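There are 2 protein chains.
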Amino acid sequence: MAKAGDIVKIKTIKEELKGTLLPSLDPSLLLLKLESGYNIGISKKEVQQLRVEGKAKLEAFPSLKAKQKNLPGISLIVTGGTISSRLDYKTGAVKWLSKPEELLAVAPGMLNIVNVKKIEVPFLIGSENMVPKNWIKIAKIAAKLLNKKENKGIIITHGTDTLHYTAAALSFMLKNLNKTVILTYSQRSLDRGSSDALLNLTCSAHASLSDIAEVMLVGHATSQDNYCFAMRGTKVRKMHTSRRDTFRPINELPIAKIDEQGKINIINKEFKRRDEKKRVQVDATFSDKIALLKYYPGADPDILNYYINKRYKGIIVEMLGLGHLATSESEMNWLPLIKKAINKGIIICAAPQTIYGRLDPYVYSTGREIQASGVIYLEDMLPEVAYVKLGWLLGHRYSKEKIKELMLKNIAGELNKKISEKAFLY
Amino acid sequence: MAKAGDIVKIKTIKEELKGTLLPSLDPSLLLLKLESGYNIGISKKEVQQLRVEGKAKLEAFPSLKAKQKNLPGISLIVTGGTISSRLDYKTGAVKWLSKPEELLAVAPGMLNIVNVKKIEVPFLIGSENMVPKNWIKIAKIAAKLLNKKENKGIIITHGTDTLHYTAAALSFMLKNLNKTVILTYSQRSLDRGSSDALLNLTCSAHASLSDIAEVMLVGHATSQDNYCFAMRGTKVRKMHTSRRDTFRPINELPIAKIDEQGKINIINKEFKRRDEKKRVQVDATFSDKIALLKYYPGADPDILNYYINKRYKGIIVEMLGLGHLATSESEMNWLPLIKKAINKGIIICAAPQTIYGRLDPYVYSTGREIQASGVIYLEDMLPEVAYVKLGWLLGHRYSKEKIKELMLKNIAGELNKKISEKAFLY
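Chains as they are written, first to last, in this note's numbering: chain A, 1351 to 1776; chain B, 1351 to 1776.
Hints in this document: simulated from the structure, not taken from any laboratory. In this text, all values refer to a predicted model and were calculated from it rather than measured experimentally. Each hint should be verified, as a subset may be incorrect.
A pair holds if it fits inside one copy or across any two, identical chains being indistinguishable in the list.
As a list, the in silico DSS-like pairs of lysine-lysine whose alpha-carbon atoms are at most 27 Å apart [unchecked claim]:
| # | residue 1 | residue 2 |
| --- | --- | --- |
| 1 | Lys1395 | Lys1752 |
| 2 | Lys1483 | Lys1689 |
| 3 | Lys1607 | Lys1772 |
| 4 | Lys1772 | Lys1445 |
| 5 | Lys1525 | Lys1499 |
| 6 | Lys1690 | Lys1660 |
| 7 | Lys1689 | Lys1660 |
Make a model of the complete structure from these sequences and hints.
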């Protein structure tokens, strides 16, 4: 009987396959790691012939020492998430990789594209457990690596749940960006036949060498394993609980389309270019008294008293439509408490609950009333990005007027003057 | 000089047009109501010839008395919103229609499709100002009209901001639905050249006579004026601040595609059929101590103390990814306060912040921890719909166990067992 770790040749009804047998949780299935790096599941029923050809050294992950010296250098920051985990076949629990190098074993092709100089592991957690402190830690390491001559760019692997929040945070915290910063992920753990890590890591390696000096999220563009999008860190959102192409660009087109072979098609020409003479500055700070508050019909404005009493400094309100909530025409008028909060010094901003589109307070009297009370309308900025930006700004010793001004100033592509018609549901 | 109200023939560089001149806010533009009902703007520069042919009776809207007796009957409920408003050309402010019949003037073609038996106007407000009490009022009127033999269906015109919340509310509140309930809207006011009301009202008239006995939102399927979608009231969301095709089906395909000529293509065959022998029952109630709470990284779980102290009965938490938030692995563990709230009798449910996709607490230990603490995972239910459903259920004298059971029972299409691959970003 063939065992996990055996190199096998399998003949099925449909095809002939060669690879290394992985431990399979499903007794009716053989799990095979192909030489391409992909894992596939094969129904035992379909196997006509199986021949053991040798024994793989499953623990012998590509060593960093074996890296190809002539290739351009990059560094990795490994933070946790599904892309850093695999199933413990004995207990059924998801475990963290024991060595970050295991990540490279999933996408050995990466080592033909880049020379991985360093792998930093500040922490290993699921991204749902991250807090703004984690963003600050990543930003500091990223800046250190970006200012090293040996790195053309960096790749950060991260869980999917809050990846878009981290992408926004790094977009603001890495000032004077000189090189490429890629965030990537997988929705299926590395040991699963259907893992999306291989394509995401390969495309990320190509993207990290590109001319684009932006913080970008790189991942599946479609539910197929065919190509990836590179999306601006401030214009991207997790839009599906489980699909591999869950991250979608919002209110702008992706910056580029990238395939496994390294072909990079620029879709959106508005980006900052690589300039290795520059040095990144870390501007990593965050205030902890910021809220993201979603409005809904029937919502009691008294919730604002909670934030006033707890001495919050800023609130992003996810408003309806063009930037509305119940005002003087309604039984549940929010304006008196909004005015009270603003008088108490809280900065209140409006962001779109619809996700897509741009706010406009001037179309209806409701919007004009809300704006007149002192609410700042954040144009087409995503609510999640608005939260990150306001927390970041309030971490500085800026005056309130300065913060209001900066909320409406485009700092990292978070505000887009003209939205392409095609960008809706892209 | 031609004045507003004149019937004119205009020759431009491109074409010859006939219609009634409307007051135009823009001095460089002529605004013309064509005989088709569409309004168009014409640059004065392009006008080569203009001939006044008569005087329109602008106030002479099609009278309900002139309705065609042989056509199937429907009734309208007019609630406000852009579709019930027009610009006051003297003050520049948006005004409500003075008579609901003015609505029919926008889409005179409607009167060739249906015989409008009655127009009820419970209130005229922007939908951003609605509260659950308004849903109850609409539900009661709707049921009364649906139980009249003379009506094959009803059309409710409504503002866009909270139209999807109202659609969900009516889906639950109209029990034993016998006929078709259509909600429709416009994103541009009736007097604007680009108003989307004509197509939406025409398609709604056709849809109201269909075999589909569901609460459906009917509106532009694309940004062109070519056809509409009829989308289930519990599976639809406003996804853009301003586009006319802002309403999109979420986690299922639209029930049907409808064109101006009345061609109805069924896309999703899972719907309840017309059964005029049934009588609708109104089950219109709502508890006011329900919250919709969006989680974000760094969110302080202490907010749950506010809801506990205010004696809330239910909270829908918009969680990350498959249904996650920070737990025991994080510096900001939400579990102790979630457990406290549940111990105090608050029903806590999880809904997807990603909007698209289905929750699954079993994939990661975070989800298992949260579920074990007593949180109910609402599958693929939209957060907005979950809020409406929980508020509606808590308005009843059900036991807590019964409510938990009903939250996971499909009542009005809010839970979808199998999501079509095509339904993502449809």
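How the hints compare with the structure:
1. Lys1395 to Lys1752: neither (68 Å within a copy, 45 Å between copies)
2. Lys1483 to Lys1689: between (31 Å within a copy, 25 Å between copies)
3. Lys1607 to Lys1772: Classified as both; 15 Å inside a copy, 22 Å across copies.
4. Lys1772 to Lys1445: neither (41 Å within a copy, 33 Å between copies)
5. Lys1525 to Lys1499: within (18 Å within a copy, 69 Å between copies)
6. Lys1690 to Lys1660: Classified as both; 14 Å inside a copy, 20 Å across copies.
7. Lys1689 to Lys1660: both (17 Å within a copy, 22 Å between copies)
Going through the hint list in order, the structure does not satisfy hints 1 and 4.
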